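Given chain F, work out where chain Z should sit, using these hints.
There are 2 protein chains.
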Amino acid sequence: MVNAVYAQSGGVTSVINASALGVYRKIIDNKDTIENLFIGINGINGIAENNLIILNSQDIDKINLLEFTPSSAFGSCRKKLSLNDEGYLKKIFDTFKKNNIRYFFYNGGNDSMDTANLIYEYSKKIKFDLKVIGIPKTIDNDLCFTDHTPGYGSTAKYLAISALEGSIDVKSMCYDSTRIFILETMGRHAGWLTASTALARLNSDFGPHIILIPERAFNKERFLMKVKKTLSEYGYCSIAVSEGIKDEQNNFLSDLGYNDNFGNTQLGFVGKTLSTILMKELGEKSHVAIPDYLQRSGRHISSLCDVKEAIKAGEYAVEYALKGINGKMVTFKRISNKPYEITFDYIDLNMIANQTKFIPDEYITEDGMDVNEKFIEYAKPLIKGESYPEYKNGIPLYYKL
Amino acid sequence: MVNAVYAQSGGVTSVINASALGVYRKIIDNKDTIENLFIGINGINGIAENNLIILNSQDIDKINLLEFTPSSAFGSCRKKLSLNDEGYLKKIFDTFKKNNIRYFFYNGGNDSMDTANLIYEYSKKIKFDLKVIGIPKTIDNDLCFTDHTPGYGSTAKYLAISALEGSIDVKSMCYDSTRIFILETMGRHAGWLTASTALARLNSDFGPHIILIPERAFNKERFLMKVKKTLSEYGYCSIAVSEGIKDEQNNFLSDLGYNDNFGNTQLGFVGKTLSTILMKELGEKSHVAIPDYLQRSGRHISSLCDVKEAIKAGEYAVEYALKGINGKMVTFKRISNKPYEITFDYIDLNMIANQTKFIPDEYITEDGMDVNEKFIEYAKPLIKGESYPEYKNGIPLYYKL
Numbered sequence: 001m002v003n004a005v006y007a008q009s010g011g012v013t014s015v016i017n018a019s020a021l022g023v024y025r026k027i028i029d030n031k032d033t034i035e036n037l038f039i040g041i042n043g044i045n046g047i048a049e050n051n052l053i054i055l056n057s058q059d060i061d062k063i064n065l066l067e068f069t070p071s072s073a074f075g076s077c078r079k080k081l082s083l084n085d086e087g088y089l090k091k092i093f094d095t096f097k098k099n100n101i102r103y104f105f106y107n108g109g110n111d112s113m114d115t116a117n118l119i120y121e122y123s124k125k126i127k128f129d130l131k132v133i134g135i136p137k138t139i140d141n142d143l144c145f146t147d148h149t150p151g152y153g154s155t156a157k158y159l160a161i162s163a164l165e166g167s168i169d170v171k172s173m174c175y176d177s178t179r180i181f182i183l184e185t186m187g188r189h190a191g192w193l194t195a196s197t198a199l200a201r202l203n204s205d206f207g208p209h210i211i212l213i214p215e216r217a218f219n220k221e222r223f224l225m226k227v228k229k230t231l232s233e234y235g236y237c238s239i240a241v242s243e244g245i246k247d248e249q250n251n252f253l254s255d256l257g258y259n260d261n262f263g264n265t266q267l268g269f270v271g272k273t274l275s276t277i278l279m280k281e282l283g284e285k286s287h288v289a290i291p292d293y294l295q296r297s298g299r300h301i302s303s304l305c306d307v308k309e310a311i312k313a314g315e316y317a318v319e320y321a322l323k324g325i326n327g328k329m330v331t332f333k334r335i336s337n338k339p340y341e342i343t344f345d346y347i348d349l350n351m352i353a354n355q356t357k358f359i360p361d362e363y364i365t366e367d368g369m370d371v372n373e374k375f376i377e378y379a380k381p382l383i384k385g386e387s388y389p390e391y392k393n394g395i396p397l398y399y400k401l
Numbered sequence: 001m002v003n004a005v006y007a008q009s010g011g012v013t014s015v016i017n018a019s020a021l022g023v024y025r026k027i028i029d030n031k032d033t034i035e036n037l038f039i040g041i042n043g044i045n046g047i048a049e050n051n052l053i054i055l056n057s058q059d060i061d062k063i064n065l066l067e068f069t070p071s072s073a074f075g076s077c078r079k080k081l082s083l084n085d086e087g088y089l090k091k092i093f094d095t096f097k098k099n100n101i102r103y104f105f106y107n108g109g110n111d112s113m114d115t116a117n118l119i120y121e122y123s124k125k126i127k128f129d130l131k132v133i134g135i136p137k138t139i140d141n142d143l144c145f146t147d148h149t150p151g152y153g154s155t156a157k158y159l160a161i162s163a164l165e166g167s168i169d170v171k172s173m174c175y176d177s178t179r180i181f182i183l184e185t186m187g188r189h190a191g192w193l194t195a196s197t198a199l200a201r202l203n204s205d206f207g208p209h210i211i212l213i214p215e216r217a218f219n220k221e222r223f224l225m226k227v228k229k230t231l232s233e234y235g236y237c238s239i240a241v242s243e244g245i246k247d248e249q250n251n252f253l254s255d256l257g258y259n260d261n262f263g264n265t266q267l268g269f270v271g272k273t274l275s276t277i278l279m280k281e282l283g284e285k286s287h288v289a290i291p292d293y294l295q296r297s298g299r300h301i302s303s304l305c306d307v308k309e310a311i312k313a314g315e316y317a318v319e320y321a322l323k324g325i326n327g328k329m330v331t332f333k334r335i336s337n338k339p340y341e342i343t344f345d346y347i348d349l350n351m352i353a354n355q356t357k358f359i360p361d362e363y364i365t366e367d368g369m370d371v372n373e374k375f376i377e378y379a380k381p382l383i384k385g386e387s388y389p390e391y392k393n394g395i396p397l398y399y400k401l
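Here the protein sequences come in this chain order: F and Z.
Read in the UniProt record's numbering, the first sequence has 266 at position 266, and its numbers run on one by one without any break.
Read in the UniProt record's numbering, the second sequence has 101 at position 101, and its numbers run on one by one without any break.
Please keep in mind that the hints were generated in silico from the structure rather than gathered at the bench.
No experiment lies behind these values; they were computed from the predicted model shown.
Some hints here could point you the wrong way.
Take a look, some chain F residues computed to stay more than 10 Å from chain Z by CB distance [what the hints assert, rightly or not]: (1) L83; (2) Y122; (3) Y234; (4) L282; (5) E319; (6) K323; (7) N326; (8) F332; (9) I342; (10) N350; (11) M351; (12) T356; (13) Y378.
Going by beta-carbon spacing under 7 Å, a handful of chain Z positions derived as facing chain F [unchecked claim]: (14) S72; (15) I168; (16) S177; (17) L202; (18) S204; (19) D292; (20) I301.
Capping the alpha-carbon separation at 25 Å, the derived lysine-lysine pairs in DSS-like fashion look like this [as the list claims (entries may be wrong)]: (21) Z:K384 - F:K400; (22) Z:K400 - F:K384; (23) F:K125 - F:K79; (24) Z:K80 - F:K285; (25) Z:K392 - F:K384; (26) F:K79 - F:K90; (27) F:K380 - Z:K392.
Glycine included, each C-beta is placed from N, C-alpha and C at the ideal position.
This is chain F alone, in the form it adopts within the complex (with noise of 0.2 Å):
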């Protein structure tokens, strides 16, 4: 009998937990061959310190809460590490001997993918038994070799339903008051989260009008020709802005000292430096809605696909551990699109570091300020289904270690 290890990393989303339970549950189905899952506390980090809880040890209905419990249960991390860490991994590898861990599960993006590798890397270096999974997780779907990744179709859905609910508030405000509303969305390399507000006019045609994406340049002139066109034919103007757009010199828009008044030149509200252009420009009062971290931790409303698909891969990751698959991660192959299908598989965690998947050309408008039909055809499937935690005294019941 040996142990298994699962710790999170990178930002973090509504559906991370559901992976976790996934890994939990497999486990459970396998309690001949692994005896308990350790849980690496704030990461990589808690293995290293040796800072762990068993899972299996806990009460089954709190574990049962991780499918509705968004952010990192356990504590996540952005911990880099290098190969030259030698005394970090060491320490590691300490933590794996020492509570006999055989298995390493670690759910996070491309730098975590990075750091599962190493530990892969260093396994084999020091001819120590252990079998390596990667979990993909992350909103900004920006993972290579997979169809999509968990945690991008809860975030998407928040942010269509919130393109949506803003566009119906600018609307029904227009006669005589606000008549531009921005909504800005995280997703500073690529704009699937951003594009995935194109989702709210699937029902109806309340907005959003445009939709600012870092794979497409900034261009004032033409940005306020559509707002003004669109103001002249709807009366309002309903706007969805990725964090991460650059102008044409490729320098960030929240970085062209706009917002920087404290020389504090971080990204973000990018949607007041629209409102600042457009008030400077058109004299137009608009206003500006900033999710932040409610879009990737807004558990109250997430994808019912999403949660299951995320529940799947920590599944698949612990079968593909068990059948003796080492070093890699699992992937999502979209098999049919109607009815919607997908299958499992797996890839080198080293193809997946460092490595960002853009939203294709085929997926966005002429103008370069919306995305087309293909793209919805995409990401609709992502979206489907509503599920809903359990409340108590009007608030959500989440998991607290």
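Chain Z in isolation, oriented as in the chain F frame:
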């Protein structure tokens, strides 16, 4: 047989259309007295311009969607009327005469009740037989003479859930990344919305740790001290802040020059102001969420209590008018808290106008940066129950005019 007209005014809520549904249903119950329910498009403007629809001629399935549709389904307005606007008032009464309208229901906040009152006064002046009843509505909960207002419970629920989810998020990242989360809420004068984030703590203790309301002057030193104390105690700090907080010299915090690098001194982005202070004074990075419109149109998660009461407020408005009551606004009276129970009453329209109900001192903690158990007891019943809209394609189905 006579007719009635209903219109919506001021900033919108998630449940204002539920009140419209209540008006509609009660009028249908009394169709021997009132033949048609006209709706003014874009508030009072639609009445002045004779821009009306007849709601009872629409499809009933569509009408029933009003219960689940946020924002103003018929368009709202910011029109401020005065008795000197005789030309405008005449146009309104021309519409009343032309369409044989003898009942006027106006759904809004205190400015809107002022408008309703002027129309009531003018009807007496010109001896036009008209019943005028105001239906309360504001997410701000700042109307006097009513226990609370329809719309508050749903935004309070949205913000409490958001504060919970944002707190869980920053907690999970605090080991080696961002340690402070700031949630900026609406509420320019009164802190009811910001205070509602305290309800996030009903089932757990994730946060928020600091709640900054306009009822108390912002003191930078004491604020920073509480942040530092919270960070050392919990490892992270979750903050809710009202857009309307002022410093000890009575200046809006978002007017202090922190944000207006374009000479634009509009309120908002106070979260960014705090974020800048925290970076400058403590060297702490923070994340800021600004839900803006999303908090008042977030119908995907509304309080069932609020929705039911909003419908009833509309029903009572019609009931009162049919009893001959005139020039009044519907009010709520809480007669019991355990179990929660309210009755309906009414008050003179001219009592409501231009007054603000602030959070009473007895609800605020001694340090001025939180609310206490008395506030929780007051607000807790208002967020009870979940009212979910119907979904199609993963997106809510909302009413469209």
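Evaluated hints:
no., hint, verdict
1, L83, "holds (20 Å)"
2, Y122, "holds (21 Å)"
3, Y234, "holds (13 Å)"
4, L282, "holds (13 Å)"
5, E319, "holds (27 Å)"
6, K323, "holds (31 Å)"
7, N326, "holds (28 Å)"
8, F332, "holds (18 Å)"
9, I342, "holds (16 Å)"
10, N350, "holds (24 Å)"
11, M351, "holds (26 Å)"
12, T356, "holds (20 Å)"
13, Y378, "holds (13 Å)"
14, S72, "holds (4 Å)"
15, I168, "holds (4 Å)"
16, S177, "holds (5 Å)"
17, L202, "holds (4 Å)"
18, S204, "holds (5 Å)"
19, D292, "holds (4 Å)"
20, I301, "holds (5 Å)"
21, Z:K384 - F:K400, "holds (22 Å)"
22, Z:K400 - F:K384, "holds (22 Å)"
23, F:K125 - F:K79, "holds (22 Å)"
24, Z:K80 - F:K285, "holds (19 Å)"
25, Z:K392 - F:K384, "holds (9 Å)"
26, F:K79 - F:K90, "holds (15 Å)"
27, F:K380 - Z:K392, "holds (11 Å)"
Violated hints: none; the structure is consistent with every hint.
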